[in-house]
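**Q** Given next are the chains, with one letter for each unit.
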Amino acid sequence: MKKSRRSFLKVASIAAIGLGAAPAMNFAASNSHGAAKAVKDKNEEALTAHRWGMVIDTNKLTDEIAEAMTEACHSAHNVPDFNHEVDEEKYPNTRPVNMKQEIKWIWPEKFHYAFPYKEDEFLAEKFHHLPIPVLCNHCKEAPCTQACPTQATFKRKDGIVLMDYHRCIGCRFCMAACPFGARSFNYRDPRPFIAETDPDFPTRSKGVVEKCNLCAERLAKGERPHCEEASEGAIVVGDLEDPESDIRHLLAEHYTIRRKQSYGTEPSVYYIV
Amino acid sequence: MLDIAIKGSKNYWLWILLLLAVIGAGTIAYIDQFMNGLMITGMSRDVTWGFYIANFTFLVGVAAGGVMVVIPYYLHDYERFHRITILGEFLAVASLIMCLLFIIVDLGQPTRMLNVLLYPTPHSMLFYDMIVLNGYLFLNIVVGWKVLEAERSQVEPDWWVKPLVYLSIPFAISIHTVTAFLYCGLPGRGFWLTAILAPRFLASAFAAGPAFLIILCYIIRKFTKFDPGWEAIQTLSKIVCYAIIANIFFFLCEVFVAVYSGIPSHLSHLKYLFFGYHGHNMMVPWMWTAFILMGLGAIFLVIPNLRNNHTLLPITCAMIFIGAWIDKALGMIAGGFIPSPLHHVTEYAPTGKEILIALAVWATGFLVLTILYKLATTVKEEVRG
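From first to last, the protein sequence lines stand for chains E and V.
Take 1 as the starting number for the first sequence in the numbering used here and just add one per residue.
Take 1 as the starting number for the second sequence in the numbering used here and just add one per residue.
Next comes chain E alone, as it looks inside the complex:
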C-alpha cells in the first residue's frame, strides 16, 4: 500500500514539473522575439461592413442561374463533387461514394424545403418550381458558434460566421445546432472529388465541418462574392447596418422573408418573394 502511494506521488510530481515547464518555456519563447511587434497590414481595397448580409430576389431566379451560382461557389472553394469521376492514377482504390454524405455550400431547394411550414395550402404555382438558393445565413445569434466546444466556428465582427478547419475536432455539434442544414461534414477525404483544385483556397481534410464563408477571402481582396457575380443580379451582398447600402434600399422597397425567423437566430439572408 505504502509503496503504491509513493510511486503515485513520484508520477504526480513528474507530471507537475511538466505542467510547470510549459508556461515557462512559452514565456522564454515569447521573449526571444524581442520588441518587434507584428504589424497588421490592412488591404486598402478590402470591402468592409458592420454586418454583412444578402438579399436574394426570387423573381430573378432561373434553374440556370441557380446552377451557375452553385458551380461558381463550389469550384472556387474546392467543394468536392461526388459525381466527379475519380482519377484512378492519382487516387487509387477510392471507395464508392455515399451521396447522402455530400458537401454543399450553396444549392437550390424547392420552396417547401427552403421554407418548411411556410408553404401555404394554396401556394402560387410558380413557387412550386422556383429554385430557392439556400446557404449559411450568417445569423446574428448563431447557434452553431454557441455549440462549438473549441471556437473552431466563430463569428467575425463584421457578422460573417467562419470555420477554422485546423481547430475543428469533427464533433458535429454545430450541425445539430444549425436550424438550416447549412453545414456539411467531410466524412471522407474530399480531394479525389475536386475536378480542378483552385490554389487560391485551401482544400479540407477528412473529419472537419465546412460551410459557406460569404467569400470572406474575396471581400478581403476587394472582390465581390462568387454567387453574387454569377447571379445575374438575383443576389446582392452588402452592409445591413448601413442605411444607404444597396441591400438596405432593396429591403426598404420590397417585402422580404427570412428562413425560420421564429427561432430568433436573426438570419442575415433575406428573400424577396
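There's no promise every hint is true.
As the list claims (entries may be wrong) - Derived BS3-like pairs: lysine-lysine, alpha-carbon spacing no greater than 30 Å straight-line:
(1) E:42 to E:100
(2) E:60 to E:42
(3) V:7 to V:146
(4) E:90 to E:104
(5) V:146 to E:100
(6) E:90 to E:206
(7) V:146 to V:162
(8) V:353 to E:104
(9) E:60 to E:221
(10) E:118 to E:155
(11) V:7 to V:225
(12) E:110 to V:222
(13) E:104 to V:146
(14) V:271 to E:118
(15) V:7 to V:353
(16) V:353 to E:100
(17) E:140 to E:118
(18) V:146 to E:90
(19) E:206 to E:126
(20) E:110 to E:90
(21) E:206 to V:225
(22) E:104 to E:118
(23) E:60 to E:126
(24) E:155 to E:126
No lab work stands behind these hints, which were simulated from the structure alone.
We have chain E already, so just place chain V on it with the hints.
**A** Same frame as chain E, but now just chain V:
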C-alpha cells in the same frame, strides 16, 4: 489489490479472452475509420450523429443510475444496500469509460480532441459535459477503490471519502442533465426542444441502471460465492418500477403536447418514429417494441407476485433495459434528426463496421466491469470467509 484480477478460473479467462477478441475486431474496424474517415458509418449530411452518440447517451444514463444505490445507503443509512453500493459505483466507472470512448470514436479528428481543453468554451454544453463526465468518473474510481480497500483491511475508509460520496450525488444528476442539455438547447430540432428531456433522461436512467444492476447481481450470485442479498434486489426492483413508470409518464406528456397542439415541427418527428413519415418507416417496429417492452416491464414490476418471482425478475429487467436502450439510444437520435431541418427524410442505419466498433467499446466496458467486479466480489468473499 489488482493482483486479484489475474487469479481466476478457466471460465473467467475464457470470458476475458472473448472480450479481448471483440475489442480486437472492433479495433481493426476503427483503424479503417481512423484512416478513411467516418465515411464507413451510415451517418449522413442530414443524420450527423448515429450509433456512437446514441450509445453514449444511453450509457451516461446507466452511469447516473448508480446513484440509486448510493443515495439510499449513504443518505438514508439503508443497510441492505451495504453490499451492493460498490457494485453501483463500479458499474458507473465502466459505463463512463464506455461513454468517453464513444465520444472519441465519434470524432472526425480524434487527434485534436484536447482542443476542448486548450480552447475552453463555457458557452458550449460539451464543455460542461466533459467536466461532469470526467469528474464523476474520477469520484467513482476514488470512492469505489478506497471503500473496497478499507473493507479488505477491515478498517473504516479515510475521513475524506464520505464528502466525495456526497459530492458524487449531484455529479450523477448533472451528468445526465448536461447530456440532455446537449440536445434540448438546439433551436431547430423540435423533437429535442422540450424542457422535460432532462427529467425524462433521468427517469429512464434510474430504470435502466438499477435494472442492469439486478441482472449483474444474478450473474454474481451464479458465478461467485458472494450473495448481494435478495432484499437488496427487491428494493432495487421497486426503484426500477417507479423510474420506468415515470419515464413512460414523461413520454406521454410529451406525446400529449405534440399531438394536441398539433404543431408540425414537433409532431412530425413522433409521426416518423411511430407511424412512419412520407413512406419512411424504418424506426416503427423498433419504437413499438421499445414501448411494449417498457410497458410490460412496468406491469410486471407493479404486481408484487410477479416482481418477487425469482425467475421472472431478471427477464423483466432485461426487457426494461433493452426497451430503454431502444427508446433513448436509437429513438432519440433518429427522432431528432428525421425529418431534417429542411424537412427532408433521410433515414439512418448503422453499418456493420460501425456496429463492430460500438461492440468493441461495449466489450471494453465489460472488461473493466469484469475486473472491478472480480475485485469487489473476491474482497467481499475474503472478508466474510
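**Q** Check each numbered hint against the structure and report the violated ones by number, ascending.
**A** Per hint list: 1, 2, 5, 12, 13, 15, 18, 19, 20, 21, 24 violated.
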